Amino acid sequence: MMENRSHFPAEDGAKTAPALVRLENICKSYGPVQANRNICLEVHAGEILALLGENGAGKSTLMSILSGKSRQDSGTIFVDGIPAPFRSPHDALEAGIGMVYQHFMLVEAMTVTQNLLLGQAHGILNPKAMRERVLELAARYGFEIDPDAVISSLSMGERQRVEILKLLYRDCRVLILDEPTAVLTPPETKQLFSALRRMASDGKAIVFISHKMREVLDLATQISILRRGEIVDHFLRADVPGERELAERMVGRQMDAVVVQTPVAKGEVLLELDGATCGMAKDLRCRIRRGEVLAVVGVAGNGQRELVEMVTGAARPESGPDSVRILGRSWQEFVKQRPGRNGLVYIPEDRKGVATCPALDLLDNFLLTCRDEFQRFGFLDRRRAAAAAEGVMREYQVVADGLHASAGSLSGGNLQKMVLGREFYREPRLIVAENPTQGLDIGAMEEVWRRILAARSHAGVLLVTSDLREAVTLADTFAVMYRGRFIDVFSHTDTERLEAVGMMMAGIRFGEKEEERGRSGREA
Amino acid sequence: MTWDIFVALLAATVLAGTPLLYATMGELITERSGVLNLGVEGMMIMGAFFAFIVEYKTGNPWLATLAAGLGAACIGFLHGVVCLVFQGNQTVSGLALTIFGVGLSDYLGAPFIGQKTVGFQSFDIPLLSDIPVLGPVFFQHDPLVYLSFVLPWVVMWFFRRTSLGLALCAAGEAPEAVRAAGLNPVRMRWLGICAGAFFVGVGGAYLSLCATHLWTHNLTAGKGWIAVALVIFAFWRPRRALLGAYLFGGIMALQLRMQALGTAIPSSLMMMLPYALTILALLVSSARGKGRSAPAALGENIAPGA
Chain A
6 MMENRSHFPA EDGAKTAPAL VRLENICKSY GPVQANRNIC LEVHAGEILA LLGENGAGKS
66 TLMSILSGKS RQDSGTIFVD GIPAPFRSPH DALEAGIGMV YQHFMLVEAM TVTQNLLLGQ
126 AHGILNPKAM RERVLELAAR YGFEIDPDAV ISSLSMGERQ RVEILKLLYR DCRVLILDEP
186 TAVLTPPETK QLFSALRRMA SDGKAIVFIS HKMREVLDLA TQISILRRGE IVDHFLRADV
246 PGERELAERM VGRQMDAVVV QTPVAKGEVL LELDGATCGM AKDLRCRIRR GEVLAVVGVA
306 GNGQRELVEM VTGAARPESG PDSVRILGRS WQEFVKQRPG RNGLVYIPED RKGVATCPAL
366 DLLDNFLLTC RDEFQRFGFL DRRRAAAAAE GVMREYQVVA DGLHASAGSL SGGNLQKMVL
426 GREFYREPRL IVAENPTQGL DIGAMEEVWR RILAARSHAG VLLVTSDLRE AVTLADTFAV
486 MYRGRFIDVF SHTDTERLEA VGMMMAGIRF GEKEEERGRS GREA
Chain B
231 MTWDIFVALL AATVLAGTPL LYATMGELIT ERSGVLNLGV EGMMIMGAFF AFIVEYKTGN
291 PWLATLAAGL GAACIGFLHG VVCLVFQGNQ TVSGLALTIF GVGLSDYLGA PFIGQKTVGF
351 QSFDIPLLSD IPVLGPVFFQ HDPLVYLSFV LPWVVMWFFR RTSLGLALCA AGEAPEAVRA
411 AGLNPVRMRW LGICAGAFFV GVGGAYLSLC ATHLWTHNLT AGKGWIAVAL VIFAFWRPRR
471 ALLGAYLFGG IMALQLRMQA LGTAIPSSLM MMLPYALTIL ALLVSSARGK GRSAPAALGE
531 NIAPGA
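Which chain is which? The protein sequence lines are A and B, in order. All letters in the first sequence, in the order written, are residues 6 to 529 by the numbering used here. All letters in the second sequence, in the order written, are residues 231 to 536 by the numbering used here.
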């Protein structure tokens with residue numbers, strides 16, 4: 006990637022010219038938490054800067070300041086060497102700094118062209134001319150996109166391209182991407198990276214936020230490591246000591262031995278899908294036994310939600326009553342009378358909203374799913390429940406301001422530990438976990454993994470995840486989901502298939518030939 | 231003879247549909263910007279009152295129409311203060327506006343009940359009005375009717391072909407995307423509320439200046455509510471709103487004619503027809519499908535600074 010810099014014609018000039026953007030002593034606090042502390046950073050034209058850090062390290066805060074979404078408490082942003090106080094994203098965009106947010110800022114009911122026109126054209130619109138410009142820009146960076154497609158019909162990868170096109174159309178000189186690969190399949194990631202390289206060689210500066218080491222090393226020309234709100238290290242790509250060292254600087258300690266899965270004895274079948282169909286999820290077949298973790302991997306939106314809703318009883322399977330058997334009973338019987346204890350528990354992806362009520366305190370949130378345990382003649386024994394909830398908090402090391410702190414005030418990691426503790430309190434036999442470590446830092450992530458592995462002694466686990474590392478760490482069996490179907494189910498000992506998981510996630514079956522790959526890739 | 235009755239019925243349909251069309255277009259603009267306004271009935275009747283009183287004092291129907299629009303926009307402004315400044319509940323605020331508007335117009339208008347106004351006079355468009363059937367149905371009316379013909383197309387053009395219209399619709403779909411694009415979604419909603427209220431007010435003006443030419447108690451008689459339902463019936467699309475307004479106008483005209491002809495059906499049942507049809511229309515349009523969905527952020531307030 007270093008050679009890209011030489012493509013930039015004014016390389017020598019760029020070094021002497023003021024940086025496109027320079028941050029000086031940026032500080033930002035949210036209440037008692039200091040998210041950014043004295044951050045100094047420079048980006049020049051033609052550079053790809055990776056901002057590496059754990060979740061909660063302050064990357065997103067820093068970038069939302071740079072993109073004008075939040076305002077720093079102190080410190081200055083310089084654009085072309087001139088102080089630029091940003092009061093809104095509008096100011097930042099005017100200065101040529103644009104951001105692709107992790108949650109896309111697109112109007113789903115409108116077309117690609119309309120989204121690009123929003124806020125960029127004035128007075129009377131000319132969609133036809135605009136359409137041409139979109140095609141021209143897209144072709145230049147190797148994006149395939151239909152300007153008339155409505156956003157809601159596009160894949161996540163395509164939506165991301167629209168977001169990038171929005172910035173390119175505005176002639177943004179600095180593009181900030183927040184975790185750009187989180188929603189992409191491996192081939193889409195490749196495509197994105199080559200487009201970003203082309204933009205850098207066109208003289209744009211790219212800043213991308215990531216916590217994935219591999220990507221950072223693949224793409225970046227500069228790497229800054231952020232830890233607890235401070236820049237702790239800055240490397241040129243050529244000077245990077247190695248992946249492992251980079252990870253250690255990011256975490257700030259020696260990496261613990263990663264959680265290791267040791268197989269436990271398998272018991273009775275707890276979940277059996279036999280041609281189960283529900284909405285987008287079609288003809289699913291698999292079994293989970295006690296002591297087994299089945300990881301459903303795939304890009305989000307390929308039917309995982311329907312699968313989870315069906316297994317947790319929120320959605321009725323469309324395929325006969327016996328196509329889904331939970332804890333030895335048919336779906337219907339199971340849903341009619343769910344066992345409170347030793348039954349099925351659900352760890353939703355959405356911690357603040359589905360798993361908990363953010364406005365309620367921890368005790369009430371504990372009671373949300375555990376209330377049956379503390380009933381006496383139809384009344385809740387809150388004292389006993391409080392004791393139990395406190396026990397869970399101690400055992401799971403939940404850091405919170407007591408039982409009466411609201412769930413919304415907890416950090417993601419602590420809240421997830423609380424949810425895990427609450428669900429495991431009922432000693433479930435079947436656990437459905439959906440991206441259980443999304444947004445957690447490495448410490449919390451390992452803790453959650455350990456807990457899930459420990460639960461195997463009495464339970465089977467259906468793990469739905471878009472994080473391959475998580476699947477590899479935990480799973481005995483893999484099911485790759487694509488367009489609602491399991492396109493392959495295999496054991497973790499099948500290393501050949503495991504290598505090919507990335508391609509399978511893009512819909513290419515194991516053993517398919519290269520030329521077929523191209524075809525099905527286009528279909529997708 | 232029966233043919234003449236039919237043509238007269240169609241002409242009456244257009245007349246009865248016009249105030250609905252104005253009110254529906256107004257509410258449609260407001261809802262497309264993401265604000266639910268259940269105060270249409272109140273704004274409409276206040277519009278009717280403003281129009282009446284200005285016409286009564288000045289005798290200028292155009293000035294009266296303008297006053298009706300601006301007066302209703304002022305009431306819409308109150309809705310904006312509640313929903314956009316204080317992030318209040320849009321449903322409650324709208325209902326309150328309806329109660330407020332109906333009550334205030336009744337109170338202020340009490341001394342004028344039965345007073346006549348000149349208002350707009352019908353004006354035949356040369357040549358077009360001579361076309362058989364189409365002429366009497368569409369081109370022998372007053373100026374507000376003619377203006378209403380082009381309104382849906384103008385609104386549609388505004389939504390699709392102007393940057394302001396695009397931003398207004400985006401504010402109703404994804405306010406955070408509007409903000410990320412460097413625009414202010416709250417401002418778009420202000421525009422949606424006030425511009426929408428203006429047209430609702432004009433719909434009210436039509437009632438006192440063209441339809442009845444007098445001021446009376448309960449002039450709107452639930453037409454504002456029908457407009458709210460029509461927006462849903464129209465799936466938030468301007469041209470479908472035209473269809474809906476004339477459909478309801480037709481029913482209203484029909485029931486009046488049938489009452490006049492003295493059918494065996496009790497008049498109270500006949501008068502119920504438009505409202506029964508409203509329920510039916512809502513039931514039918516609740517079947518969701520592609521291109522039928524409400525603006526995604528309709529009824530959701532924009533968190534400050536988000």
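Think of the hints as simulated: they come from the structure by calculation, not from any bench. Treat the hints with caution; some may be incorrect.
[Said to hold, decoys possible] Here are a few chain B residues that sit away from chain A, every Cβ distance over 10 Å (derived from the structure):
#1 Leu240
#2 Val408
#3 Ser515
[Said to hold, decoys possible] Facing chain A, according to a computed beta carbon distance under 10 Å, are these residues of chain B, among others:
#4 Ala238
#5 Ala242
#6 Pro362
#7 Ala397
#8 Cys399
#9 Arg409
Given the structure is predicted, the values throughout are model-derived calculations rather than measurements. Where is the CB? At the ideal position from N, CA and C, for every residue including glycine.
Hints versus structure:
1. Leu240: At about 35 Å from chain A, B:Leu240 clears the 10 Å cut-off, so the statement holds.
2. Val408: violated, 7 Å
3. Ser515: holds, 17 Å
4. Ala238: violated, 41 Å
5. Ala242: violated, 37 Å
6. Pro362: violated, 38 Å
7. Ala397: holds, 6 Å
8. Cys399: holds, 7 Å
9. Arg409: This hint holds: B:Arg409 lies near chain A, its Cβ roughly 6 Å from the closest one there, short of 10 Å.
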